[in-house]
Amino acid sequence: MKQAKLVALLLCGIVLVILPLLISNAFVLHLLILCLVYAVITSNWDLVVGYSGIFNFGHLAFFAVGAYSSAIVAISSGISPWWCLPIGGGIAVVASLVVALPSLRLRGLYFSLFTFAFQQIFYSLILINPGNLTGGSQGLMFIPALKLGSIVISRTNKFPSYYLALAFFLLSSIVLYRIVRSKAGLAFQALRDSEEYAISRGINPFKYKLGAVMTSAFFTGLIGAFYAHYMRIIGPAIIGWQIFILALAMLVLGGLGSLFGPMIASFGLLFVSEFLTSLGPYRFIILAFVMLFALLISPGDIVRKLQLATTAIRSKLRKPDDARMDGENSEATPRV
Amino acid sequence: MNSSAALEIIISTLALGSLYCLMSMGLTLTFSTLQLFNFSHGALMMFAAYLGWLVANSLGVKLPIALLLAVVGSFMLSLLIEKTIIRGLMKKGLIEVIIGTLAIALLLENIVLFSFGGRLKRLPVLIEGGVRIGGGFITYNNIAIAVISLLILLGMFFFLKHSKYGMAMRAVSQDKEASQIVGIGIGKVNMFVFGLSGTLAGIAGVFLGTIYMMTPAMGTEALTKAFIICVMGGLGNIRGTILASYVVAVVELTAAFVLGIYWAPLVLFAFMMIVMVARPSGLLARKER
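So the protein lines, in turn, are chains E and U.
Per the numbering used here, the very first residue in the first sequence carries number 40; after that it's consecutive.
Per the numbering used here, the very first residue in the second sequence carries number 21; after that it's consecutive.
Do not take every clue at face value.
[To be verified] Interface residues of chain E toward chain U, partial, derived using beta-carbon atoms under 10 Å:
| hint | residue |
| --- | --- |
| 1 | Leu50 |
| 2 | Val133 |
| 3 | Leu136 |
| 4 | Gly147 |
| 5 | Ile277 |
| 6 | Trp280 |
[As the list claims (entries may be wrong)] For each label pair, taking beta carbons as the anchor points, the in silico distance ranges come out as:
| hint | chain 1 | residue 1 | chain 2 | residue 2 | range |
| --- | --- | --- | --- | --- | --- |
| 7 | E | Phe310 | U | Phe177 | 47 to 53 Å |
| 8 | U | Met96 | E | Pro141 | 26 to 32 Å |
| 9 | U | Ile281 | E | Met180 | 22 to 28 Å |
| 10 | E | Pro169 | U | Val92 | 44 to 50 Å |
| 11 | E | Pro141 | U | Ala198 | 49 to 55 Å |
It is worth saying that the hints were derived from the structure and are not from the lab.
Cβ atoms here follow ideal geometry from the backbone N, Cα and C, with glycine treated the same way.
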């Protein structure tokens, strides 16, 4: 059964690798790149919200921190944009420390509201434009593009950009997958399910929660930096209201605590949302209805339900011992 | 800061704080009984303001009647939202409710944008003119709004304290199960609280429409203010909310005066985060029972 999963994952990977060879439409390719960016954002968000039970509502701020810091460093210092990518990720980690250190001890909803406030602070900082760094409401323009030899990796050159985005996506996904299956991942889930019990078994809640937030901030900042150099123009809208709702919808409709759910939802929702663009002003009205409908009809976690169903079928086919173990592992979504 | 500027800030604080109190009280009420943070509260305010504009311009009735009709419309709308959406989402979990109310806000905002357009609009003021105090100028409209807000809040307290529904609400916010045992219908109370919160949002919305320019996005800013106030006062804590309204008003006006208008939201959020870390249950923390 493990092999079947591996084969399915490999198939997904192969499809993602050969997809741009089949698609010649530049706009569709652009959307696919954005899908990959969103998939990285939401799967990292899922590590924090779904696996660790930390309701961080300021996750998009890390994306913006990565994008802006990388762009500012590249514009003002003139060093190669390749170095700016890890710098963007690193500064996002610093930002995550700034927000998480004072707030991780707050209870449930208070933590969400605190992190949401952090995101709003960052939004107004961009608008205030201190020291003429962020470009205010107009945004930053002429961000240097990434270059590999003579190949320019930016909006004007979709093909290599797609593969770079894919590389970041795979890197983030593999690391996330390893973390979730590791001892640390188990500790995250234990803290989520019963904090008191986890503490009594010797898990340091503060350390592990901080680790989860920092990991998610790094990859989100990294992909933010990539986004800045890919688009070559960024504005405060990247942490605006509507993007926030869209990303949150991807996370919730994809299913918390499943990593792949949010990734799939990123692809689905972004294409639905772009498809609706042709409907003009009705777009967000329909999107809101779709979200409400989806929330009311299903509890979201479609992927989790599928997992539970396959586990149930598998447990009938297997020795009782294994089945019990498997059932424990697929124990998932946090409920608050 | 000289004394006339200080006087101006004090009077503006009193006027602004009362309006803020009205804006955030609905959120506090819904949180104290339903335990949900309603992200569509700001959009409801915006919707009521536009409704008032529509009624005043199309039906040709007097302004107070138009505003009253808008408030009634906002009440009905919030009842509808509770019945069709919130009730179902409450069974699913915290994050579903949050994203659901965000989706409602998105919906209302875009319906208004679609039917009214994005151009700035303004409701006529309640009373023309103003008075010069110290170095500043305070409009009669602002004073009237502050007085009416305080009267409405007083009425609400009286209602919460003495009426049957008010007592039921307080009972539910203290202990859900116990109030069910003594025969209070939770569903009815929830619906009522949501309606009351919508009414308060409607009143705040039409007042905002007479003071500032109306845009479909005005709800976001109003919600942000109400959000800061509710968190600072302690979620669901009515007295804390009142205190926090005035604290926020004074901090905002001082920050705008000293640093400039663009810094005000940042200073407010930073202040809120400090309050949260220092006093996680709000400025007036309730005693543990």
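Structure-based check of each hint:
Checking leucine 50 (chain E) against chain U: minimum C-beta separation of about 31 Å lies over 10 Å; hint violated. Checking valine 133 (chain E) against chain U by beta carbon gives a least distance of about 17 Å; that is not within 10 Å, so the hint is violated. With 10 Å as the threshold, the beta carbon of leucine 136 (chain E) stays out of range of chain U, its nearest partner Cβ sitting at about 15 Å, so the hint is violated. Here the hint on glycine 147 (chain E) is kept, as its CB sits about 7 Å from the closest CB of chain U, short of 10 Å.
Restraint check, isoleucine 277 (chain E) versus chain U: the minimum CB separation of about 16 Å is more than 10 Å; hint violated. Given hint, tryptophan 280 (chain E) at the interface with chain U, holds; its Cβ is 6 Å from that chain's nearest Cβ, closer than 10 Å. Roughly 51 Å separates the CB atoms of phenylalanine 310 (chain E) and phenylalanine 177 (chain U), a value that falls within the hinted 47 to 53 Å. A hinted range of 26 to 32 Å for the beta carbons of methionine 96 (chain U) and proline 141 (chain E) is inconsistent with their spacing of about 43 Å.
Between isoleucine 281 (chain U) and methionine 180 (chain E) the beta carbons are some 25 Å apart, a value that agrees with the proposed interval 22 to 28 Å. The beta-carbon spacing between proline 169 (chain E) and valine 92 (chain U), approximately 46 Å, falls within the hinted interval of 44 to 50 Å. At roughly 36 Å, the beta-carbon separation of proline 141 (chain E) and alanine 198 (chain U) lies outside the given 49 to 55 Å, and the hint is violated.
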